[in-house]
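Assemble the whole structure, with the sequences as input and the hints as a guide.
Numbering (the working numbering), first residue to last: 3 to 298.
Don't read these hints as lab results, they were simulated from the structure.
Warning: the hint list may mix true and false statements.
Lysine to aspartate or glutamate pairs mimicking EDC-like chemistry, simulated, CA-CA at most 20 Å apart [to be verified]:
| # | residue 1 | residue 2 |
| --- | --- | --- |
| 1 | K90 | E76 |
| 2 | K130 | D216 |
| 3 | K130 | D120 |
| 4 | K130 | D105 |
| 5 | K130 | E59 |
| 6 | K90 | D120 |
| 7 | K90 | E129 |
| 8 | K90 | D226 |
| 9 | K90 | D244 |
| 10 | K90 | E52 |
| 11 | K90 | D105 |
| 12 | K90 | D216 |
The following label-pair restraints were derived from C-beta to C-beta distances [said to hold, decoys possible]:
| # | residue 1 | residue 2 | range |
| --- | --- | --- | --- |
| 13 | G169 | G124 | 44 to 54 Å |
| 14 | R75 | T166 | 34 to 44 Å |
| 15 | N165 | G187 | 21 to 31 Å |
| 16 | N236 | G172 | 23 to 33 Å |
| 17 | I104 | T166 | 33 to 43 Å |
| 18 | V133 | A77 | 24 to 34 Å |
| 19 | L286 | R251 | 35 to 45 Å |
| 20 | R96 | V247 | 21 to 31 Å |
Even glycine gets a Cβ: it sits at the ideal position worked out from N, Cα and C.
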Amino acid sequence: MAVTNDNVYIVWTDSRRGSLTVVPGAYRNAALNQDIYIAFIDNRGSPSIEISPPSIEAGYTGTITIHGSNMPREARFGIALGSMILAKEVWSDRSGSFTIHIDIGSLPAGNLSISVFDPTSGYVFAEKQLVITPNRELQTIVGMLSSANARLLAIENNIAVINTSIGRLGIDLRSINASISRLEGDVAVISTSLGDIRARIDDLGARVVSISGDMAVVRTSLGDIVGRISSIQNNVATVVTDLGVVRARIDEGLSRTAELESRIARIEGIYLPMIAILQVVALLLTAMLIMRIKRQ
Numbered sequence: 003m004a005v006t007n008d009n010v011y012i013v014w015t016d017s018r019r020g021s022l023t024v025v026p027g028a029y030r031n032a033a034l035n036q037d038i039y040i041a042f043i044d045n046r047g048s049p050s051i052e053i054s055p056p057s058i059e060a061g062y063t064g065t066i067t068i069h070g071s072n073m074p075r076e077a078r079f080g081i082a083l084g085s086m087i088l089a090k091e092v093w094s095d096r097s098g099s100f101t102i103h104i105d106i107g108s109l110p111a112g113n114l115s116i117s118v119f120d121p122t123s124g125y126v127f128a129e130k131q132l133v134i135t136p137n138r139e140l141q142t143i144v145g146m147l148s149s150a151n152a153r154l155l156a157i158e159n160n161i162a163v164i165n166t167s168i169g170r171l172g173i174d175l176r177s178i179n180a181s182i183s184r185l186e187g188d189v190a191v192i193s194t195s196l197g198d199i200r201a202r203i204d205d206l207g208a209r210v211v212s213i214s215g216d217m218a219v220v221r222t223s224l225g226d227i228v229g230r231i232s233s234i235q236n237n238v239a240t241v242v243t244d245l246g247v248v249r250a251r252i253d254e255g256l257s258r259t260a261e262l263e264s265r266i267a268r269i270e271g272i273y274l275p276m277i278a279i280l281q282v283v284a285l286l287l288t289a290m291l292i293m294r295i296k297r298q
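Set out below in C-alpha cells:
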C-alpha cells in the first residue's frame, strides 16, 4: 500500500481472527477479518521486556516497572501477570518502546511470568519471569505460628484471625503469604502459608475502581483483578475473571457509566442490523422504481 524511505511497508492483511467482541479489550467496531500491519524489510531485534526490580520478596506490595523494546511501533498492548491481566491500554512509541509502572499486591514465593500480548488476538510478543524470593521475616513468623499450633480461623476486615496454643491472634494477611486462588461470587478462596480458607470478598475490601467499556478493575487488599462485566445491579458489578466470578460494589459514578455503555451496546446489537436491512430494502425499492420509470 505504501513505503517509506526507511524500508517500512504498510500492508493489508487477511487475519482470519473471527469476532473480536469476545476478546477482552477488543475494539467493538473493529473489522472482523482484516487489519493493517507494518512489514519491515530490514532486520529488527526480537520484542523483549525488562522488569525492574527483576526480583521481589514474598509479601511485597509496591510498584514494578516494565520496559518493552523492539515492539510494533505505535501499537496497543496488554500486560499480564500469570493469568491475571494488569493492563490493556499500553501503547508503544514510534521506536517500538514503552515503559509502564504497575502496582502489585502481595504475592507468594515462586516465579510468575509477565507477558506482553496483543489484546485483540492474544498473541504474546514477549514474556519474562518475575522472581519472588522467600521473605525471611515472613518465614520466621510462619515458623513461630507453626510451633504454636496455629490454625487459620477466618479473615475479617483484611486481618487473618488465627487460633494458637496461647490464644487468638489477628495478623496482617501479607504475613502469611496470602493470595487469592479462586473467586466464587461473594466468596474468595485464599491460599496462605497456613492453608487455604474461604473469606467474604467484602472482608478483602473489594471494590470496582475502574471501568473501561465492559472491562473492570476490582481492587482488593491482595491485589487488583481485571475481568469482563456481565451485569450491574444495585451498584454491584458481577465481573468474570480468570480466577472465577466476583461480585464487587462500585461507586455511583462508575455504575452510571457502565450502564450507559451497556445500553449503547444493546442498542447497537438490535438496531444496527435493522438499519442494514432497511438500507437493502431501500436500494431494492429504488432499483424497482428506476426500472418502472424506464419501461414507461
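The hints, checked one at a time:
1. K90 / E76: At roughly 14 Å apart (the allowed maximum being 20 Å), E76 and K90 satisfy the hint.
2. K130 / D216: Violated, at roughly 29 Å.
3. K130 / D120: 16 Å, holds
4. K130 / D105: Roughly 17 Å between the alpha carbons, so the hint for K130 and D105 holds.
5. K130 / E59: 17 Å, holds
6. K90 / D120: Measuring from Cα to Cα gives roughly 9 Å; hence the hint holds.
7. K90 / E129: Roughly 15 Å between the alpha carbons, so the hint for K90 and E129 holds.
8. K90 / D226: With a Cα-Cα distance of about 13 Å, the restraint between K90 and D226 holds, given a limit of 20 Å.
9. K90 / D244: It holds: about 15 Å lies between the C-alpha atoms, which stays within 20 Å.
10. K90 / E52: Given that 20 Å is the threshold and the Cα spacing comes to 18 Å, the pair holds.
11. K90 / D105: 14 Å, holds
12. K90 / D216: Distance ~12 Å between K90 and D216 Cα, so the pair holds.
13. G169 / G124: 44 to 54 Å: Cβ of G169 to Cβ of G124: about 51 Å, so the range 44 to 54 Å holds.
14. R75 / T166: 34 to 44 Å: 58 Å, violated
15. N165 / G187: 21 to 31 Å: 27 Å, holds
16. N236 / G172: 23 to 33 Å: This hint holds: roughly 31 Å between Cβ atoms.
17. I104 / T166: 33 to 43 Å: Since I104 and T166 have Cβ atoms about 36 Å apart, the given range 33 to 43 Å holds.
18. V133 / A77: 24 to 34 Å: This hint holds: roughly 28 Å between Cβ atoms.
19. L286 / R251: 35 to 45 Å: 52 Å, violated
20. R96 / V247: 21 to 31 Å: Violated: the Cβ-Cβ distance is about 41 Å, outside 21 to 31 Å.
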